[in-house]
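Novice: So you can see what is in the structure, the chains are spelled out below.
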Amino acid sequence: MRDRIQEALKRSKADYTEIRIEEKETTRVVFRGKELETANANIDKGGIVRCLIRDKGWGVTTFNNLDDLLTKVDQAYQCAQVGTVPEPIELALVEPVEQITTAEMKRDFRDITLAEKKALAERYNQVLLGHSDKIIDTQSVYSDVFTHLVLANSEGTYIEQEKPSVMVAAFATTRDGDNVQQAYESLADTRGYEYVLDKDELVRKAAQKAVDLLEAKPVKAGQYTVVADQMLAGVFIHEAFGHLSEADFVYENPKAREMMTMGRRFGRDILNVFDDGSIPDQRGTTLYDDEGTPARRNWLIREGDLVGRLHSRQTAAKMGESASGNARAMNYRFAPIVRMTNTAIDNGATSFEDMIKDIELGIYACDAYGGQTQLENFSFSSGYAYMIRNGKIAEMVKDVILSGNLFSTLENIDAIGNDFKWLNTGGGCGKGNQFPLPVGMGSPHIRIQNVVIGGE
Amino acid sequence: MDILKLLKQQAEQVEVLNLQDEKTTVEYEANQLKTCTVAETKGTAVRVIRKGQLGFAASTGDTVMEKLAANALESASYGDAAPFSFPGSQPAPNVCTFDQTIADMPIARLVEIGKEILDLILPVEPEARCNIALERSIVSASICNDKGLDVSFKNSPLSLSVEINRVEGDDVLILYDQVGTTIWEKDYLEFARRLVEKLIRARTITSIKSGKMPVLFAPSGTLAFGLPLSEGLNGKAVYKGTSPIAAKIGERLFDEKITVMDDGTIDGKFASACYDDEGVPRRRNILVEKGVLKSFIYDLKTAAQSGVESTGNASRGLFNPPSPSLTNFIIEPGETALKDMLAGIDEGILVEDLLGLGQGNIISGAFSNPLALAFKIEKGEIVGRVKDLSIAGNIYELLKNVGAVSKEAHWVYSTFYAPYVLIPEMNVAGRS
Ligand SMILES: [Zn+2]
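Here the protein sequences come in this chain order: A and B. Position 427 of the first sequence, counted from 1, bears residue number 426 in numbering that gives the first Met the number 0, the numbering being contiguous throughout. Position 29 of the second sequence, counted from 1, bears residue number 28 in numbering that gives the first Met the number 0, the numbering being contiguous throughout.
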């Protein structure tokens, strides 16, 4: 295959050509309620060719039939002829690399029978079902994905990577009359099957939360001091801020560039934010991105000031900066676009106790149930939450939806915890039509003043 | 060897889906034509029932059929009891989903349509950055099973989507719309003209005092009702008992001005077809009639579990087994002209887009969302854009009392058809 790829690259008439071949084997087991809903293995194998004609544009072909790469390269070249960019597209310089890496798993999930994986998901489902008679529906998911990826380009880069990933997730739905509540926990890892074993505690936590939520009262709308747990803070920094750091948002938009000017004050001195695809074994870890750029740590906010952004080779060249290792594609059906890897608020100095002790009336919001941002505006649901009364965690409340303006909200972060944590959940990030892309998120607890909480 | 034959020797029931898709996409990024993509997909998915147990497997690429068959059989050996049988051939409505004009459309024509859209927007708003995607596919699919069912479809979906982005200082305005059709439509730029109108309207920024007021939902705004309702009407949620309306067939749910339908038989619409993804004929399902709950939607499995018939709503991707899903989702237009609805509002808002729809515990009907795009209505006139507002409520309460439903209606995001809906009084919250 390597010979055929390199031959096709050599024959390309484009200024730059890139070929990515991916083979993905997926196993998925899903129990829902008392039933097994899914237990199957799928194979997805295909490729993508991307050609750049500098003064025209990009041409892309994706395909399942890998027999005739030469034709695919030619077709992509024809597609690139269609473009009419006003000025030539440049790519930031990246040293060509030749590297072949293989995955090391302690217990390789490809050696585990479907029967055993089914038994694991079934056990977690039993934990959910057996937890309370208020539980009317469950979902227990096991999935693993083994990806073999080849990336080569006309500059001499040739990278082969193996990417394993294994995940379990537990959903519980409870009901009491018209009151229906849901809770969720998940765990993902890149290191092997053993990391998803013995997770009964985690699963039970989802069940108990769904039960507790039945008793919770809806939160009263208003403005509160909010303490966000690591999960909610991690999702917040990813969704509300991280996406604005993606250079494809600003690189051809002078007004947006103004909004994201380097040095602009984004928060108080205590606020530090980074994206780093080189941290071992995190969900968004990519030693090389899908353009062959090595991962590195990119500081985005340092001591409250905006100091960096995330790039593909194209956005980096356009802005006179260097490629940051953030060009990622969900699979062979997509060209890489600027994406986050592992994004986090760096550790701070405040203990959780100190953070809440002076709050007379506030909210401790945990977990993210979903969220959406539209540039500076965001809206997030927390999975569950508690009132904070007189410096103490009090009763559970539900339907806590935080919304606001990014700039004022970041400015209102007035305490950052000393309890940093990476979150190993199974979810992913969506951008354009590429969803879900595995990303990592991390944060300590944070405290935010004057957060608007919606509700009736 | 033919995989249907191969599997029939080893299982009681077999179903084979073959899918082939060739998609051409032309993308404008920040007003510039930058990327052109041709994507080909070819794959096979099989379901088997062996010893009464259901199995599934799928693959793309040059996977050998023997491996695919083995995966499906292994899946069945751990599968749960299948409560249903694959269907035989049934007569289906004649639904048009293929148009040679679209199938033959050259890349140059897609490029030209993109330019026509830009030519509508940029003269009005030179500062706008438009991302436009023009996508044309030719999809062939076939389903055959051991009962002799052998149906094939050919679709020619064309989708045009536009995202307009205008940043002024810290004010960011984003407008998005998308249309999809499988039959060439003469007035294919109507949606773009509507966007331009919104863009002009959004220039004036005004303010409104928060509190209780009439709220007029534009067709795109009625997704706030449509999304929770689509979950509640899903046969799977009904069977699992998570739908809040599970036991309410025949009961009055909403104001009698509200009628809701699922119709997979409309010519040219994205979710239309002669058959659903299990080979059951598509049809028109009345879900809520004059406020009264009439029916849910089902695929074969959920129908069998619930002791009813499939409503022809099975939907699947290559790598997922079928599940019930709405086709074209329709809130029926009403009796009142939009201008009369506006005229009756002394002070209120028009809701175009909500932020964060579909998040949270949406099946309960509850929603609480900031407004991404809303306008102030004053003495019957739309006077300007209002920012930083949010609304919250529960659709099963709100829709009990509907002020009016407009005669005017249009398609939102290809598969949702809705009129303007007036809620006489709702709490609108401000940011501070
Ligand atoms: Zn994201």
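Incorrect hints may appear among the rest.
Here are the simulated DSSO-like cross-link-like pairs (lysine-lysine), alpha carbons at most 30 angstroms apart as the crow flies [claimed, not checked]: (1) B:LYS378 x A:LYS430; (2) B:LYS22 x A:LYS254; (3) A:LYS216 x B:LYS239.
Restraint-style ranges between C-beta atoms, simulated for each label pair [unchecked claim]: (4) A:ASP357 x B:LYS208: 29 to 35 angstroms; (5) B:PRO92 x A:ARG295: 40 to 46 angstroms; (6) B:LYS247 x A:ASP67: 31 to 37 angstroms; (7) A:LYS33 x B:PRO92: 34 to 40 angstroms; (8) B:ALA246 x A:ASP211: 23 to 29 angstroms; (9) A:SER131 x B:LYS247: 22 to 28 angstroms; (10) A:ALA118 x B:GLN19: 19 to 25 angstroms; (11) B:PRO82 x A:GLN125: 20 to 26 angstroms.
Worth flagging that the hints you see were computed from the coordinates, not collected in a lab. Where a beta carbon is used, it is the ideal one built from N, C-alpha and C, also for glycine.
Novice: All hints, please: hold or fail.
Specialist: Outcome of the hint check:
1. B:LYS378 x A:LYS430: violated (40 angstroms)
2. B:LYS22 x A:LYS254: violated (34 angstroms)
3. A:LYS216 x B:LYS239: Holds, at roughly 25 angstroms.
4. A:ASP357 x B:LYS208: 29 to 35 angstroms: holds (33 angstroms)
5. B:PRO92 x A:ARG295: 40 to 46 angstroms: violated (58 angstroms)
6. B:LYS247 x A:ASP67: 31 to 37 angstroms: violated (57 angstroms)
7. A:LYS33 x B:PRO92: 34 to 40 angstroms: holds (37 angstroms)
8. B:ALA246 x A:ASP211: 23 to 29 angstroms: Between ALA246 of chain B and ASP211 of chain A, where Cβ atoms are some 25 angstroms apart, the hint holds.
9. A:SER131 x B:LYS247: 22 to 28 angstroms: Once the Cβ atoms are compared, 25 angstroms apart, the range 22 to 28 angstroms for LYS247 of chain B and SER131 of chain A holds.
10. A:ALA118 x B:GLN19: 19 to 25 angstroms: violated (37 angstroms)
11. B:PRO82 x A:GLN125: 20 to 26 angstroms: Taking Cβ atoms as reference, PRO82 of chain B and GLN125 of chain A lie about 22 angstroms apart, which means the hint holds.
Hint violations for this structure: numbers 1, 2, 5, 6 and 10, all remaining hints satisfied.
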